[in-house]
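Undergrad: Sequence:
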Amino acid sequence: MTEKEFLILYQKKRGLKNIHEAKEKINLFWEALFEALETNDSVSFRGWGIFEKKVVPARRIMNINTKKIQYSTPRKSIRFRTGSVLSNKINIDEE
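Numbering (our numbering), first residue to last: 61 to 155.
Since the hints were made in silico from the structure, they are not lab data. These numbers come from a predicted model, not from an experiment. Be aware that a few hints might be false.
Label-pair restraints from in silico Cβ distances [claimed, not checked]:
#	residue 1	residue 2	range
1	152	74	41 to 47 Å
2	126	62	16 to 22 Å
3	139	92	14 to 20 Å
In the DSS-like style, the derived pairs of lysine-lysine whose C-alpha atoms are separated by at most 27 Å in a straight line are [unchecked claim]:
#	residue 1	residue 2
4	77	113
5	114	136
6	83	113
7	83	127
8	64	77
9	83	72
10	136	83
11	149	64
12	128	113
13	127	113
14	128	149
15	83	73
16	85	64
17	127	85
18	149	72
19	149	83
20	128	85
21	73	136
22	149	113
Quick reminder that beta carbons are idealized off the backbone N, C-alpha and C, glycines included.
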């Protein structure tokens, strides 16, 4: 499913006027989530899952041309772990 297809589905389910309004609502959710992750290490939606900030450590990399070992910079990423309600809903739909 593409972003546009998802926005059309969201628009129909919520009874919104147009796709732009649907995109604004979804962007508001992501902005609020990112703000919450800036102040906290995780955001939990009971039963649905947890968004967590994870620090990816530096990795050892060998430059093929010079044969020198270098290290990448550590970075942050966001991880989502599914909760029990979401897992059960997905597994019930498959049966």
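Undergrad: Between the alpha carbons of residue 128 and residue 85, is the straight-line distance 27 Å or under?
TA: Distance of about 48 Å is beyond 27 Å: violated.
Undergrad: Is it true that the CA of residue 114 sits at most 27 Å from the CA of residue 136?
TA: Distance of about 6 Å is within 27 Å: holds.
Undergrad: For residue 149 and residue 113, compute the direct alpha-carbon distance and say whether it is at most 27 Å.
TA: Within the cut-off at roughly 25 Å; holds.
Undergrad: Is the Cα-Cα distance between residue 149 and residue 72 27 Å or less?
TA: Holds, at roughly 22 Å.
Undergrad: Check the hint pairing residue 83 with residue 72 against an upper bound of 27 Å on the C-alpha distance.
TA: OK: residue 83 and residue 72 at ~13 Å, within 27 Å.
Undergrad: Given the hinted pair residue 85 and residue 64, is their Cα-Cα distance within 27 Å?
TA: holds, 14 Å
Undergrad: Would the hint linking residue 83 and residue 73 be met if the CA-CA limit is 27 Å?
TA: At roughly 13 Å apart (the allowed maximum being 27 Å), residue 73 and residue 83 satisfy the hint.
Undergrad: Run the distance test for residue 149 versus residue 83: straight-line Cα separation, threshold 27 Å.
TA: holds, 25 Å
Undergrad: Within 27 Å, alpha carbon to alpha carbon, are residue 64 and residue 77?
TA: holds, 15 Å
Undergrad: Residue 128 and residue 149: Cα distance at most 27 Å?
TA: violated, 50 Å
Undergrad: Is it true that the CA of residue 83 sits at most 27 Å from the CA of residue 113?
TA: holds, 24 Å
Undergrad: Does the structure keep residue 127 and residue 113 at a Cα separation of 27 Å or less?
TA: violated, 34 Å
The structure is inconsistent with the numbered hints 1, 2, 4, 7, 12, 13, 14, 17, 20, 21, although it conforms to all the rest.
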